[in-house]
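**Student:** Next come the chains, spelled out residue by residue.
Protein chains: 2
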Amino acid sequence: MDRIVYDLYGRDERLRFSPYCWRVHLSMAHKGLAYRTEPWRFQQKEKLAFADHDKVPVLVDGEKVVTDSFEIMRYLDATYAEAPLLGDGLACQRALLFKLFVERSVSPALLRIVVMDLLAAIHPDDRDYFRRTREAAIGMRLEELHDPVQGREQLKKALVPVNALLEQSPFLDGQAPAGTDYLLFGSFMWAHVVSREVLVDDATPVARWFEKMLAVHDGMAGRAPTVRDV
Amino acid sequence: MDRIVYDLYGRDERLRFSPYCWRVHLSMAHKGLAYRTEPWRFQQKEKLAFADHDKVPVLVDGEKVVTDSFEIMRYLDATYAEAPLLGDGLACQRALLFKLFVERSVSPALLRIVVMDLLAAIHPDDRDYFRRTREAAIGMRLEELHDPVQGREQLKKALVPVNALLEQSPFLDGQAPAGTDYLLFGSFMWAHVVSREVLVDDATPVARWFEKMLAVHDGMAGRAPTVRDV
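Those sequence lines, one after another, are chains A and B. At position 201 of the first sequence (counting the first as 1) the number is 201 in UniProt numbering, and the numbers step up by one without a gap. At position 139 of the second sequence (counting the first as 1) the number is 139 in UniProt numbering, and the numbers step up by one without a gap.
Derived by calculation from the structure, the hints in this document are not laboratory data. Worth double-checking, as some hints may not be accurate.
Just so you know, same-sequence chains aren't split out, so a pair can sit in one copy or run between any two.
Quick list of in silico lysine to any residue cross-link-like pairs, SDA-like style, CA-CA up to 25 angstroms [stated by the list, open to error]:
hint, residue 1, residue 2
1, 212, 89
2, 156, 43
3, 55, 137
4, 64, 215
5, 157, 11
6, 156, 51
7, 45, 196
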């Protein structure tokens, strides 16, 4: 059966940095599912018309087409029950809250640290599009948002409870990684692929967790090319 | 069977404001368990010697004695399986992360808003004890910590993901309240019982959620006396 994840790429086709796509890559590995990626750029909207959607990730699983990273994780749990990602009921609802925490509290702090590096990692043909859409969304120039020192301070505050949990637990979801680990990892991997900036102090639990996350599932994420390589 | 929750009280025996005890009150109601409270003050350590512990809440459930609010919630799930509070596996682990979010990101912001009112709500015989222990823990005078404007700003930032979830879900745990609702509610109720300060903007989802939480379980929390009453 053909399994495809449509995956954002940047100035080099090997640079894959979408936080939402990284959620899905790790989730596919968690389920032990083989797949190939289809490289995609921001403005290739027609290429996703079959999915009635304009963003990645898009998962094609045989006859089935699923959009949105969280919906893809839900779909994977519903279709491949072994090794839950989000789980059911209370577990899934709490993963949804954590997803919002990642998107509203963690990613904005990361963006302040890496935004100019992110722009440089994007395909040259997409940079104007990226700048225009993002500046409209945040209401300021990317150069004004850019503030690594403030971004790190904001990130450190947001991560206080995450660091507290990782003091007592090897992964966010317990003894092994699962859905909430992939939700947070996606955002860290996004920043890591596009930028050499220090995100968090090496001595913090979340820094050690990120290293472990690069190694899980046969080092899938750790092997991915970053701006250090290409 | 005798069921007792040892419960902190303040300058009036009817003022019950411990955030950890409020978690337990709502959890007992969630399980439909009748109980009585035993009023307790900070320095009545000998009164808890039977539990080999020095803080409330302490639950006495017949022959069983359980300390620590989260452990009590776990115990209630293990003993009274109907209507899970924390749930199992991923659900419980994610509730633990949310507990740390409440304790490390939400409660410190609330404390900056209400700390002087809290001091005034404490029993006169306990105020020196409270000041001494808290000032040692936070490394500053309570008067320096007190900053309702900054506290509200800090609280608003911390609650961004909570408000986003409550835009799409009536309670944190879904269609009905459960463990994570009680974890957050405990801290809001603590501030609400001791202070008239505005905590969050009335128009925010979390403000509407707090009103709903005062009404659940036959208005158990909404009936509790606050500094508005005594």
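**Student:** Which of the listed hints are broken here?
**Tutor:** Of the numbered hints given earlier, those the structure breaks are 2, 4, 5, 6, 7, listed in rising order.
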